[in-house]
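Participant: Numbering (numbering that gives the first Met the number 0), first residue to last: 0 to 430.
None of these hints come from the bench; they were simulated from the model. Be aware that one or more of the hints could be misleading.
Claimed, not checked - With a cut-off of at most 27 Å between alpha-carbon atoms, the simulated DSSO-like pairs for lysine-lysine come out as follows:
{"id": "1", "residue 1": "Lys196", "residue 2": "Lys276"}
{"id": "2", "residue 1": "Lys135", "residue 2": "Lys321"}
{"id": "3", "residue 1": "Lys129", "residue 2": "Lys45"}
To be verified - Now the in silico label distances, taken between C-beta atoms and shown as ranges:
{"id": "4", "residue 1": "Ala134", "residue 2": "Phe285", "range": "46 to 56 Å"}
{"id": "5", "residue 1": "Phe24", "residue 2": "Gln342", "range": "34 to 44 Å"}
{"id": "6", "residue 1": "Leu382", "residue 2": "Ala134", "range": "19 to 29 Å"}
{"id": "7", "residue 1": "Val91", "residue 2": "Lys383", "range": "23 to 33 Å"}
{"id": "8", "residue 1": "Gln342", "residue 2": "Pro100", "range": "16 to 26 Å"}
{"id": "9", "residue 1": "Tyr325", "residue 2": "Gln289", "range": "41 to 51 Å"}
{"id": "10", "residue 1": "Val287", "residue 2": "Gly230", "range": "15 to 25 Å"}
{"id": "11", "residue 1": "Glu197", "residue 2": "Lys321", "range": "28 to 38 Å"}
{"id": "12", "residue 1": "Trp50", "residue 2": "Leu219", "range": "41 to 51 Å"}
Beta carbons: idealized from backbone N, C-alpha and C, even for Gly.
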Amino acid sequence: MFSWKEEDVLTGFLFIALLCHGMFFAREWLILGTAFMVAFGYYRLKEYREWKESSDSLELDDFQKIDYKKFYQIFLKEYELQPVIILGLMVVLSLAGLLQPVRWVEGYLEAFRWLTFLAAYLWGRRLVAKPGLRAKLVHRIKGAALIVILLAWLPGSECIWAWPGPTAHGRFALSFGYPNAAAAFLGCLLLMFLAAKEINLVYLIIFGVSFVSTGSRAALILLAGCFFLLGLKRLILRQSEPVNTVSTPSLLGFYKTAVWIHHRQGEDLRSVSLLGKIIILIFLVFFVQQTIGRSQGAFQHLLTWTDSSLAERMLYYLDSFKIAWYGHFFPQAGGWLAFPLIQTAPYWTLDPHSSFCRILLNQGLLGVILLGFWAGKGLLGYLKELRRSRDLTAVGLKTTVVFLGLHSLFDVDLSFGLLGILFWLLVGLIK
């Protein structure tokens, strides 16, 4: 049942953001982003008031006994201020782009986006400090995503979320309207499942079939690499101790409910559990049949590796460097909007959907260096974690962050607010 606990409010926000095209358009950013930061501020204010009430009962001698040096060290460890400083500087660099704007209002929007990402990171740091909340939040995110995925596959859903245009005809776009964005999101969910203590095969099949139906080749290659690394880590950990199992619970808890009744009443419910499994099997067969029928374009796209999409993406980078060069590699508010003026050759989109290109133009070379330094350090830490860590959940979350970060370099940047907030929230949730 929904409550006003932090994890419930955060899950509800991500659910609404997923319904609203992945929070891509400016009006969605302004409305949902403001609501997100207000909710974050409310819970931090509530936390401060509780701390203030408890501190008012302390005597002067109690404050004198506090080891403030140790308190400061714990504070730095809990919040990891390096990402906070970098995100704060990205806000400043976005505003600095107003000094040489391509579109003036984009400077403020870009600063607003990075401020929202900062709130997402800090919210993740607070939640991870509370025992059990990380696993609960990840589980609820997967449940909320399942609801939207099933809604998106229903007949008539195209009246709510338009399917992609002629260039991506027949490819599943979920609620994003862009198949590659849906692939990035579904890839994150699949990696979260692989890192879970129990793998729910029903959810895994639904998410896996939906992912393939996006027809995203780059996401498929990247996900295969991440799956290999995380799956290998999972097998290594299972050799020493059985930390994970595979389960086949029924849809919406039907099987668990049957088992609960069995223990309460002492009745033999084998026939009931068998009926539940049959219902699930029929549902999965119908689901797969529907997806295959509606996603012919996705399978054709997956089997076609000779088109010009790779060469076209190289033009994005080349043209990005041209725009950055003309701006002396300084921040430019809405710099990516200058693409029509300098296109090396005509291509389908005016937005490269690349985080590298967008940051290079909006925050300048300094923004690329700041995030590149942080990302490189994090990638080295991830490789060490793969070899040494015994916490599969932490490794899984880091793998998800690596997948989403690398994918954003060449397609689907974090201007999709849901993906950006999810990325920085997961960064904050990593211990």
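Participant: State for each hint whether it applies.
Facilitator: Checked hints:
{"no.": "1", "hint": "Lys196 / Lys276", "result": "holds, 22 Å"}
{"no.": "2", "hint": "Lys135 / Lys321", "result": "violated, 46 Å"}
{"no.": "3", "hint": "Lys129 / Lys45", "result": "holds, 15 Å"}
{"no.": "4", "hint": "Ala134 / Phe285: 46 to 56 Å", "result": "violated, 31 Å"}
{"no.": "5", "hint": "Phe24 / Gln342: 34 to 44 Å", "result": "violated, 24 Å"}
{"no.": "6", "hint": "Leu382 / Ala134: 19 to 29 Å", "result": "holds, 24 Å"}
{"no.": "7", "hint": "Val91 / Lys383: 23 to 33 Å", "result": "holds, 31 Å"}
{"no.": "8", "hint": "Gln342 / Pro100: 16 to 26 Å", "result": "holds, 20 Å"}
{"no.": "9", "hint": "Tyr325 / Gln289: 41 to 51 Å", "result": "holds, 49 Å"}
{"no.": "10", "hint": "Val287 / Gly230: 15 to 25 Å", "result": "holds, 23 Å"}
{"no.": "11", "hint": "Glu197 / Lys321: 28 to 38 Å", "result": "violated, 51 Å"}
{"no.": "12", "hint": "Trp50 / Leu219: 41 to 51 Å", "result": "holds, 48 Å"}
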